[in-house]
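Participant: Sequence:
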Amino acid sequence: MPAPNPAVTLLILTAESSEAERLVATLREAGIAARGMVSAQVERLGELLARTPCDLVLCCAHDRDIDLEAALAAHRRLDSDTPLIVITGPESDAAESLRARRGGARDLVRRDDPEHLQLVAKRELADLYQRREARALATRLRQCERRAREFIEGSLDAIAFVQEGLHLHANAAYLSLFGYADADALAGATFLDLIPAEQRPRVREFLRAVEYSDREDGAELDTQCQGADRQPFAARLRAASSEIDEEPCLRILVRPAAGATTTLTESDNGSAETMPGRAQMIAAIAARLDAEHRPRHPFALFFIQVKGRAELLRDLGLTTALTLIEGLSEPLQGILADHAGGMLAQVSDDGFMLLIDGLDTTTVEQITARIEREARLQRGRNGGEREDEAADCVVAHVLVELRAREPSDIVNLAHQRCLRLLAGGPGQGGMGKPTSLASRTKQSAEEGDEQIAERIEYALEHDQFRLVYQPIISLMGDNQEHYSVLVRLFDEDEDMLEAKDFIGPAIRRGLIERIDKWAIRAAIQALSEQRRAGHNISFFINLSEDTFRDPSIVLWVCDCMREFDVRGNWLTFQFQEALVAANLAGLSKLVEALRKIKCRVAINRFGMAERPEMLLQGLALDFVLLMPDFSQRLADDQQKQKRVMELANLAREFNIKSVVTGVEDARTLTVLWTAGVDYVQGNFLQRPSPTLEVSSGG
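For reference, each letter of the sequence shown is one residue, going 1 to 698 in UniProt numbering.
Heads up, a few of these hints could be off.
Said to hold, decoys possible - Below 27 Å or equal to it, Euclidean Cα-Cα: the simulated DSS-like pairs (lysine-lysine) are:
no.	residue 1	residue 2
1	Lys517	Lys596
2	Lys122	Lys598
3	Lys500	Lys640
4	Lys122	Lys596
5	Lys517	Lys598
6	Lys500	Lys517
What the hints contain is simulated information worked out from the structure, not anything from laboratory work.
Predicted model, so just to flag it, every value in this text is computed and none were measured.
With the hints as constraints, model all of the structure from the sequences given.
Facilitator: Right, here's the structure in full:
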């Protein structure tokens, strides 16, 4: 049985907050780390659970303001297995208990029997954890099956799944080996049709022996095979029992003997030699990663995209344009030949991927420049001599040195970066299409960007960035000390640049992700030192848009946490409200991944969206940090006070803590205290400091 979660979230249906506190205290006495949300609106049960997932629902039927029948009906409509326990008064009888159970309640507990409530809650939570574990295992099984299918599809070995002589599935290498254009063409042939007649009895007995054998590793047989053209070739068969789509079958791997002639299908462009494609590239990347997705040695993936494909097709015609693009494989093969190991694949009509082993950051940049310089369309053959010096391709890369995600994610990241470059055009400082807020407001490069970018790169290489910390103070008696982590840049003369002075150029020059990763690692290291010294602190860390769009960022966080032995619930990652709407789908996945490692999540610069409740519904948040503008002259502005109170109440309704930033005077602090705000931050309390002035408590 899995261990209980560190915290159990309750939804308590009652109009009496004192009763909810009593129930939470009762469960805590039994060792259940419970925290509760309270609501008297039973008709909103589905909405509340959709917004904030809960582990247990307690319905106080003895409360006159709670309609038990309505609560049971609302619970039945849920697409959830969250258990419902009914709390009744001392006068409840067997008929009420039966009615509640028929209505979907897991049990009925009398209000004056706390021990019974504790036992029932433990039982239901244990059952809930088992159900969740079963679902998680089923999901992992489906993922394993999907990955296995992807590896088979990308394998260069010919693999097929055969049941009673019929092909259930065959990969591209298998179809190519036997000369079939596609799976439909193979569907009319049995496996024995691919064996010469004189060899079939022997092969048939071999397959039967494997089918009824208990050996998991299967068996091998040297024999003859024949392709669709009936030309025989020597091959070795390896067969083993397997399963595909829940159907028992045989997995057969066919390897031509050395020197055997194989049949290749023609590609769409008429070439008899087929360049590896996307599936083979994904398989090659997977082969370079261990079981924990760490690279066995550093490697880089380059995505090369031809500019102006549509114009080429229009001006030169389909066949000429595609032939011209395919000619890029020659200079790319020449670049690949200068490096040990690697692979070149064509993944689309106008896109290539180049995989090279054993590179570092400097070499990657050099190869990128070489590709841009040498991967040129030979228009002299088909479209006149080249007179311009502009590159014909854009090149993006992903350097894999630390732990990575799925091989397909590495491919997708390289492609996304390439698309940004294609969309950006000139004047973007290498960033491509601006995505971050600062880039959207100032899209073109500005004067001084290059000098600041050089300072940033030098600072990254020579450790001249520094962290400063500003406390986030609780107005509600929280015993944990929270600090916002900010980044400052110092040069060799110890002159300091604040974030507002270098963030814009960093975004426009594509350096912001490197700064964020430096800040994450440095903050986690500092947090580890403070925790070992006995300080009960947590850090709030900003993520830029370029960073949170990187699919490997959570793995980077995990590696840093593991390196410095830091727990996820000591960290809160925050991103700007203005970036949420355009990235909601990706951020939802990021938030889910961060929650799996117990990190907390926040939105900063909150409160300017027209309907902020939509953001809170779309993401599972722990904190919202209001725009600093709200605290400016707050004591003299009734409209601002009303808005701050509305936002604080909205956050509380979603079980989210509110933080008001930019506090500069005592009068503002007094207003925020009465408004029900949870935390405050600002220079009035303490200016950002390079040292952490924390108390020694835990």
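Participant: Of the numbered hints stated previously, which ones are contradicted by the structure, given in increasing order?
Facilitator: none
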